[in-house]
Structures are given as structure tokens and as C-alpha cells.
Amino acid sequence: MAFLAALATAGWMGSAVLIGHWENGAGSALTVQVPTATDPDTTDAPSRLSAAKAVLVSTPGIQSIKILSSEELTTLLQPWLITYMKDIAVPIPTVIVIHMVRGQGSLRGLSSRLAEKAPGAILEDHDAWAGNLATLARALQLCAGFILFIVALVTVAVIVVATRSGLASRREVILIVYQLGATDRYIAHRFSRRAATLASIGGLIGGSLALPVVFALAALASPLSGRDPSFLTAAAAFGFLPTPLWLLPLLMTQSAAIVGYLTARITMWQWLRHLN
Amino acid sequence: MGSPIVRFDSVHLCYSASGGQGAPVDVLRDVNFSIWEGSFRWLMGASGAGKTTVLRLMNMSLRPTRGEVTVFGAPSGSLDRTCTPQLRRQIGVVFQDVRLLSHLSTFDNVALPLRIGGRPEGQVRADVLEMLRWMGLTSKLVSLPADLSQGERQRVAVARAVISRPRLLLADEPTDGLDPNQSARVIHLLWELNRLGSTVIVATHNRTHVDRHPGPALILSQGSLVEAN
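Chains H and B, in that order, give the protein sequences.
Quick note, the first sequence lines up with residues 6 to 281 if you use the working numbering.
Quick note, the second sequence lines up with residues 11 to 239 if you use the working numbering.
The hints are simulated quantities; they were obtained by calculation from the structure and are not laboratory data.
Among the clues, some could well be false.
[Unchecked claim] Chain B is nowhere near these chain H residues, computed Cβ spacing over 10 Å in every case:
#1 Trp17
#2 Ala144
#3 Ile181
#4 Ser213
#5 Leu222
#6 Pro249
#7 Gln275
[To be verified] Computed Cβ-Cβ distance ranges for the label pairs, DEER-style:
#8 H:His279 <-> B:Ala156: 26 to 34 Å
#9 H:Arg169 <-> B:Arg73: 22 to 30 Å
#10 H:Leu158 <-> B:His113: 30 to 38 Å
#11 H:Val159 <-> B:Ser13: 52 to 60 Å
#12 H:His279 <-> B:His22: 25 to 33 Å
#13 B:Gly161 <-> H:Ile271: 41 to 49 Å
#14 H:Leu158 <-> B:Ala156: 34 to 42 Å
#15 H:Leu141 <-> B:His113: 49 to 57 Å
#16 H:Ser174 <-> B:Ala56: 33 to 41 Å
[Unchecked claim] Only part of the chain H face toward chain B is listed, based on derived beta-carbon distances under 10 Å:
#17 Val178
#18 Leu180
#19 Val182
#20 Tyr183
#21 Gln184
#22 Leu185
#23 Ala187
#24 Thr188
#25 Asp189
#26 Phe220
#27 Arg278
Glycine included, every Cβ here is placed at the ideal spot set by N, Cα and C.
Construct the complete structure from the given sequences, taking the supplied hints into account.
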């Protein structure tokens, strides 16, 4: 249960990171592709590039403009064209990355102005697909939250059953301890403490086992957040995962202990009240 | 002499036979007596006379079907769950069937009443070691009840009952399984406790003890009190 809860928690946090990246990064970015000189359909590429740049600079609401170098383009294309990078015969357009100021500026008319001043230049708005990805990530968050809820319910049910079973088998012991003057609180605390200890051990094991799985999944998902997948050095890894995820074993231990203690305590209160 | 520490007023107790389907069985009938604080009483009668039932009523493990049992001035029938443990901590009980906790060692069984009462662990250790030394059980500190003889278990039960110097001590056949020397030591211990101020009630069918230590007695026969002095 702790393992599943840790994965669900990590899924929730990871989705939040991706949503933030897409909405604040890709979602606010545009690209303009300007055909190169080798493109048979175009002429005079350098002036076309300058014209496109001039249009962009004069457009309100644009925060920054960056022309990607050939090395940067290569890096961008590499995940999809690793084997064929050296042999590509298709002309690669110059890509200009534009960051808009959120909530400001308008794309209306930009496409037509680019078409007029820099024929062949293509404006790509990532907002739509970034928005779709963010929606997908939110749906995943919801699923993770639901899984967490189910795991918590099952955990509580298991502890209730285990506590009742333990109480039933120790009924005579409890009656003797009662006759020696023990209070409900004394008896409940001892049982609950044991349940909390066992639950925390399970939480520590589950949380620890989940950590490498989380790390591996984060590495697989890293291209989606725009990170270099070859980050897998120890130093880079520490900065990659959000800090709360590194605390998963501790988080699961504490959560399991609290859930175990409270559930056992409440179960015991109810059982002891009916004890004759 | 102080105020009655235990009082039975027209106490009647019956059980339903055969799991509630048969006719009720009278275990005690119209029992009336008072026990004053600081006194020593023998509780005598043949097997099945109701001695254990009387002690269980005093320990508030049972409620009377009719009548009233008052312990430490409080009617047991009107006590709620929060008050009963406090009163029980003033009562030491030697059960007829010993009732040691099988998963606890000799030391921990004897220490249990002190720990329940919240005594500091250092004091618990000192008191328990002293008691077990007196009982001749020093070599059995870490033994579990299953590893003890019947006589040793009985002595551990007595040690547990008296360790907290209870205000009221109820002993149900405390010398069962003990040899004459050990029996004499236990009875002597109970009288010593009484001399120090505890009210002691000992249920026994062993007339030797009563003859050796004559004292006031409650005599039960078939659920009725036939003699009280």
C-alpha cells in the first residue's frame, strides 16, 4: 500500500511539474520557421530572416526572441532523428523561438504580417497542444489523487480488521489488565502504538522501494519537460527531482504511522466500549 | 475502626443457565455484610458456595442482579467507565486461576500494576526486585509463566496483587499449589499487609490457615451467608 501511495504521490507531483512547464514554458512560446537558402521554394533567405525578425520585434507583447543555432537545432531534433542526423538531406529551416508575455499581446495579424514581409515563414502556436497536454496532466493528477484515496481506504480497512482480530485474540489479556486498573486510554495507546510502529515500517519500506521507480519514470519523462535525457549524473539527478519526492520514504513513514495510530485508536475505542 | 470499605446490601445474583435458555440459577441469595477498613476477614465455604462470586462483586467485575454492593463508598452499579479503573487500582486481586499474562516475564507480570498506575520505571524496578526476592523468585525474573511450576505461578500472582500495597486485597485461594512453608509465608505476608493498613479478604477452604490465624470470617453455604463475624 505504501509503495502504491508513494507512486501515486510522485505521479501527482510530477504532473504538477509538467503542467507548470507546459503552461509557463511551452504554452507561452511560439516558433517561427523561416525557410533556408537551400530551400528550392524560397530566395534570399538572409533578408527574409531579417524581415521576420523585424516583424516580431515590432509586435507588442513579445518578451523575447531567440534564433536557434544549428547546434541547438541538432539537439532538438536528435531524440527523433538520432541515427540519421548526419545524413539528413532535407533543408532544415531557421527556427525563431518567441516567448510572449502572458496575458499580453495578441497573435491576431502576426501571421499575415509575417506572410507579407517574409513569405514562406510559418508561425506555430504551441498554446493549443500545450493546453491539451496540461489537461491530460491534470487528468493524470486526478487519477493519482483517486488512487491515493483508494489506497488510504484500503489501508484503513486492513488496519481495522487486523486490530479487531488482535483484540479478539487478546480479549482475556485485556480483561485481566482491566481488572488490574488499566483505563481504556492505557490499553488503546499500547495497541495503537504497536499498529503505528508496524505501519511506519511498512511505509518506510514502500517509500524506499518506490524511490528508484520514481527516478526511472522521471528520467523517461524528462524529454517531455524539455530536459536533456542524458542528465543522469548523480549531481544532476539531485537537482532534477522535486525535493518533496526525495522525502518520499520519510513522508510515507510518517503518514503510515499517523494513519495506523489513529485507525487503531478509533477501532479500539469502539471495541472497548462494547467490552463487558 | 473506620467506615465500611465494602458493604453488601441484600445482594442477589443469578445467572441464566444454558446460554440464556434455561431457568436462572441463583448464585447468591440476599447477602448482607459490611467489612470495615483495616480489617482481615476469612471468606469460607465449600466449593461452589459463592466465594469467588463475592470477590468478583467486590472487584466490580460483576454487578448484582438485585441489591447493592458498595466499595470505597461508591455503589458499584452506578460507576461509569472512567471511575472504575481508579477504584480498581486500589484493589489487589489474587485470582483463583492465577491469570498471569503468558507473554510477559515474571518481572513484567509483577510490575504491571505499578506501570498501570504510572509509577516511574526506576521505582518499579526496585519494588519488583525486592518483592521477588522476598518471594524467593529472583532466579525466575525473565521466565515466562509457562516455564514456572504451579507453586511459582501462584507466588507470582500473589506478588502482583500486593506489589502496589493496595487499600483492599482480595485473595481467592492464594495458597493453592504451594507447599506448607510457602503457604505459611504467603499467609504471613497477607497478615503483614493487614498490619500495615490494607483491608484483606481471603477466600479459602483450608481450615489449617484459619485455625493457625484465627480471625473474623464470612461463611457461605449454597449462595447464602450463614455466619458473619
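Practice item. Confirm or reject the claim that H:His279 and B:His22 have a C-beta distance inside 25 to 33 Å. Key: holds (26 Å)
Check your understanding: Regarding H:Ser174 and B:Ala56, is the given constraint of 33 to 41 Å on their beta-carbon distance met?
Key -> holds (36 Å)
Exercise for review: For the hint on H:Asp189, just tell me whether its beta-carbon gets within less than 10 Å of chain B.
Suggested key: holds (7 Å)
Point to revise | Whether H:Trp17 stays farther than 10 Å from all C-beta atoms of chain B, as the label says | key: holds (42 Å)
Check your understanding: Against chain B, with CB atoms and a cut of 10 Å, does the hint on H:Leu185 hold up?
Key -> Hint holds; H:Leu185 Cβ to chain B Cβ min 5 Å, cut 10 Å.
Exercise for review: Compute the least Cβ-Cβ separation between H:Ser213 and chain B, then decide whether it is above 10 Å.
Suggested key: holds (31 Å)
Check your understanding: Do the beta carbons of H:Leu158 and B:His113 sit within 30 to 38 Å of each other?
Key -> holds (32 Å)
Review point. Taking 10 Å as the limit, does the beta-carbon of H:Gln184 come near enough to a beta-carbon in chain B?
Key: Result: holds, 6 Å to nearest chain B Cβ.
Practice item. Can you let me know if the beta-carbon spacing of H:Val159 and B:Ser13 is within 52 to 60 Å? Key: holds (57 Å)
Check your understanding: When you look at the beta carbon of H:Ala144, is every beta carbon of chain B farther off than 10 Å?
Key -> holds (50 Å)
Review point. Beyond 10 Å from chain B, beta-carbon-wise, is H:Pro249?
Key: holds (39 Å)
Review point. Would H:Ile181 pass as off the interface with chain B, using Cβ distances and a cut of 10 Å?
Key: Contrary to the label, H:Ile181 does not stay out of reach of chain B, its closest Cβ about 5 Å off (not over 10 Å).
Violated hints, listed in ascending order, are 3, 26; each of the other numbered hints is respected by the structure.
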